[in-house]
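Spelled out, the chains give:
There are 4 protein chains.
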Amino acid sequence: MTKLTAQAAGTFAIAPTPFHDDGRIDEASIDRLTDFYTDVGCDGVTVLGILGEAPKLDAAEAEQVALRFVKRAKKLQVIVGVSAPGFATMRSLAKKSMDAGAAGVMIAPPPHLRTDDQIISYFKQAQEAIGDDIPWVLQDYPLTLTVVFTPAVIRKIVMDSPSCVMLKHEDWPGLEKISTLRNFQKDGSLRPLSILVGNGGLFLDFEMERGADGAMTGYAFPELLIDVVNLSKAGKRDAAHDLFDAHLPLIRYEQQPGVGLTVRKYVLQKRGIISSSAQRKPGAVITPQARAEVDYLLSRVARVDRRANLQPQSSAAG
Amino acid sequence: MTKLTAQAAGTFAIAPTPFHDDGRIDEASIDRLTDFYTDVGCDGVTVLGILGEAPKLDAAEAEQVALRFVKRAKKLQVIVGVSAPGFATMRSLAKKSMDAGAAGVMIAPPPHLRTDDQIISYFKQAQEAIGDDIPWVLQDYPLTLTVVFTPAVIRKIVMDSPSCVMLKHEDWPGLEKISTLRNFQKDGSLRPLSILVGNGGLFLDFEMERGADGAMTGYAFPELLIDVVNLSKAGKRDAAHDLFDAHLPLIRYEQQPGVGLTVRKYVLQKRGIISSSAQRKPGAVITPQARAEVDYLLSRVARVDRRANLQPQSSAAG
Amino acid sequence: MTKLTAQAAGTFAIAPTPFHDDGRIDEASIDRLTDFYTDVGCDGVTVLGILGEAPKLDAAEAEQVALRFVKRAKKLQVIVGVSAPGFATMRSLAKKSMDAGAAGVMIAPPPHLRTDDQIISYFKQAQEAIGDDIPWVLQDYPLTLTVVFTPAVIRKIVMDSPSCVMLKHEDWPGLEKISTLRNFQKDGSLRPLSILVGNGGLFLDFEMERGADGAMTGYAFPELLIDVVNLSKAGKRDAAHDLFDAHLPLIRYEQQPGVGLTVRKYVLQKRGIISSSAQRKPGAVITPQARAEVDYLLSRVARVDRRANLQPQSSAAG
Amino acid sequence: MTKLTAQAAGTFAIAPTPFHDDGRIDEASIDRLTDFYTDVGCDGVTVLGILGEAPKLDAAEAEQVALRFVKRAKKLQVIVGVSAPGFATMRSLAKKSMDAGAAGVMIAPPPHLRTDDQIISYFKQAQEAIGDDIPWVLQDYPLTLTVVFTPAVIRKIVMDSPSCVMLKHEDWPGLEKISTLRNFQKDGSLRPLSILVGNGGLFLDFEMERGADGAMTGYAFPELLIDVVNLSKAGKRDAAHDLFDAHLPLIRYEQQPGVGLTVRKYVLQKRGIISSSAQRKPGAVITPQARAEVDYLLSRVARVDRRANLQPQSSAAG
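Protein chains in written order, with this note's numbering: chain A, 173 to 490; chain B, 173 to 490; chain C, 173 to 490; chain D, 173 to 490.
The hints are simulated quantities; they were obtained by calculation from the structure and are not laboratory data.
Hints are not guaranteed to be accurate.
Repeated chains share a single entry, so a pair holds when one copy, or any two copies, can fit it.
[Stated by the list, open to error] Mimicking BS3-like on lysine-lysine, the simulated pairs with C-alpha atoms at most 27 Å apart in a straight line are:
1) Lys267 - Lys296
2) Lys328 - Lys453
3) Lys453 - Lys296
4) Lys175 - Lys243
5) Lys175 - Lys267
6) Lys328 - Lys296
7) Lys246 - Lys267
With the hints as constraints, model all of the structure from the sequences given.
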């Protein structure tokens, strides 16, 4: 697999980790997920992210999941989330993943970081821990991680670490941050950096217009992300928004903290891609009311985008 | 003005506090805002909330703003946000507002509360501070206030305080919370309680279906909130969602933390209701790019809902 | 009263706000407190700090308390805590206090500040709000305020604002911070700045040796703070530590968050300085067990420092 | 090794994890530490706690450290900290430690827990994860862990889980909490529970008097903890305080967050027990000034307690 570079663009799906109902890792579903992402046209897949229930896996399991994705992915670049409470664990998973063929790793800040210096220093040490030769993605996600990066801090981290090639951008609000970073590049103070956006895609329409290179998020219809990214890059603004807006009610529903993953797994199961929507404990369960709401949203999306038609199909459906 | 009761329902607009460009309170705009909310059919208006930049006002100014809204509102019930670091300030503003004719007050928890007991005890003391005769609204807004209420804690607070007549619900995710509270009422453990929903209206469509009595939020088109509330109550589900979905891209854009208020004030100014979109310091400023994005969103909403057509109009526009 | 300068040194007592048992402000006790601080040799007194239950006062009461202290203090410099959720309230109290003769004001950061830029920008705006002519004290107290200042951020704030003349230092741990700031002055990057230390005096012994100019804290025996500051300045290291260590068990007991104020008010009441140990609601109450523990500690301190002998005295006591 | 029970009492040292200067685990120092704790009379040792830099170890290393301590300890009960972001990791380390002969495990709450229900539910699931047969210690340490337990929540957790046999108490302030829990036992609502106190021992004197069964903390002179526990149990109040107070200046110095571990490792190295005072990255380093301060404090403690005399000794030292 080729290594991740600052030229990376397009759509990287954030993969959930599929479990059996009893909490065991479901490897067959990992394979189906990987094939699905490949078939719809994703450029990459990010595994063991926050969405991927990574902290619930022990070290051996994390390695097992990462390697299963890497082995199965032929055309996709795989990014492995290696965030960990300590550098020993981070390094260990990073090395094993890269040895197996991963394209890069992703690192989120631990929640206790507060000052600019603490943040900068943490990522300097993290990069030393994994070594200079592993391309890595900086995850900027204040809502969940409680660490706030200014654009200048991101610039400093990137300029300090040549192997930092990508920003996973999910600050909220975040549109001005993309513009500021792109302006840093225009004024020559920031080197090339891929910016893929998260937040469930909730602002993907405008984030692309502000200069994002693509999406990296877990919306259960990566096809939509791909289309919006492509339409936006092709300058078809209205078309991009039209399609995006058709999905927005569901995107919004999925982006609820905590509940979101139950929705994603429910939809992916409904699509026949993963066998069970179970989360490993401690995890949330989708309620019957929520399920009915998602079904209703799917039916509404399907009026515009037939890929969202997941109803049990009669003979001549399609 | 009649006092707020647990039967309150419909749409209460959260009013921004209008300032002149130099930071002085703009009383003429308060009057226009009040008239606007009345004319479009709001049931009430909530002033000096978080959106209302209340902490930036000194005590005399807070009283001035509250009383100006109360005096101007003839048909609207006015709820005054009285959250304060201490009970002396809270009581003082509550008394003065009620004396002037407010319908009730709203109280948010201070951010240091953590345990169930701390939360319950705080609201018991707050109610003692303002006195038994002032109807009050409990604000549940963890994202901004960092205090997490379980449904059981809300029930306890409400059952302890007969004058607590309404929940401003803006937990996130929050759909199951509404269902749980309504189930408490079915099983007889919770007395009648009005539930109005906030969060910029981002989940208003489903919140109504879960049992909310209406909306209390600051979306710059309260007309949309009113319509969705009414359609939903009339059982016109698809129509409610159709209209809601047309506005959702803008609702979502407005709901960005920090930035949201700049958008709301920009739109309200564009609608001719407030004179200036200025926030008092420290405040955010809408960038030219954001302004253009909002204009684009307005033009898209206007394709479905002509009330969003805020373009300078030629002679025969409409 | 002379205005506060960067040459300020010695001991500034942090005054509690005395209340009657029913929560009303006790002005006679304010006078006695002021006289007491003067008589024992304090250089100043800081009122309406965190210890002073300032947020529990409404605006008029805050002004009343501040002015009462200012009027009574003849030889003491009075610093008024003006921290507030908004600049309007801060400015209002600052102006009134200075007009009445206060020496300066103290400003703490609001808890939501995170990045270096946010912190620096806040204090820039705060200084603009109160005006250039009011000397002010920067309060650095992460444990309670949750805002973390690096030494470089403090330097930036001080260099940006000529009227910032003092740091109330109560970071924890904080010894290296004092050394770093003093080194900034040696290398010419930081102008003169008074550093008074808080944290209940728990590290006063070494803080003086690291370069503090004195103490600003609420320990119920300001005499001890004065003595340790003076002995340390006179280079009598062992004597300073001997006296400090005798008080340390009580200093430590007083420094418990939340409980500390109950102890301080209890001791000050026992010393005959304030009439009631009551806190305004919501407040803690000293338990009988805690009272007995404090009495025991006082009796132990009194073996070395007879000023701590607060027992009801028989005829020939002393 | 016998399993931990609710009758556990005395002094359990919290062991640092010894590293070589280059960050590798120092097994010889683990052995010396274990022997030292045994020789001075500790009843147990707790490894891989927060002080033990546990998050910096990967899974294999954590197991290595735990097992090394367990193998070496003949007379000591070993408690292994198994707190982890997920239950799979927690279970894995717990099983391996118990199989090797550990007496029990210790579990701290993850920082995102807020409501009473969340806390109670977490520990219920944690106990299910490790199984019913492993005695476990509940760690209550709000200052660092940011999770606040009321006494009633602790009672609920303990009553729900028969295998929870001990509370590591380090709330701050915490004296009333001990009294409340002991009162729960008097009124029959709480079953027997060992309470060992932490917080560096800063309140050990009074905590024993409030009903603690002993100490579990990392002060570099466990001899002092043992003596104070024993004197207190023997009812020798003044003697307990006299000895405690002699150490308090150093106890206080060691209890500084972040810096404390540098001091402990420095003293333990100076005592010849561990080879290096190095922390694994990211870690703090003791400055020359801090080292001199600790040396000064040691010399002062040594005037009362000769065990603190760590100076290079001439022939006739003493």
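Status of each hint after checking the structure:
no., hint, verdict
1, Lys267 - Lys296, "within (17 Å within a copy, 35 Å between copies)"
2, Lys328 - Lys453, "between (38 Å within a copy, 21 Å between copies)"
3, Lys453 - Lys296, "between (33 Å within a copy, 11 Å between copies)"
4, Lys175 - Lys243, "within (15 Å within a copy, 44 Å between copies)"
5, Lys175 - Lys267, "within (13 Å within a copy, 39 Å between copies)"
6, Lys328 - Lys296, "both (10 Å within a copy, 24 Å between copies)"
7, Lys246 - Lys267, "within (20 Å within a copy, 38 Å between copies)"
Going down the numbered hints, you'll see the structure goes against none, and every one checks out.
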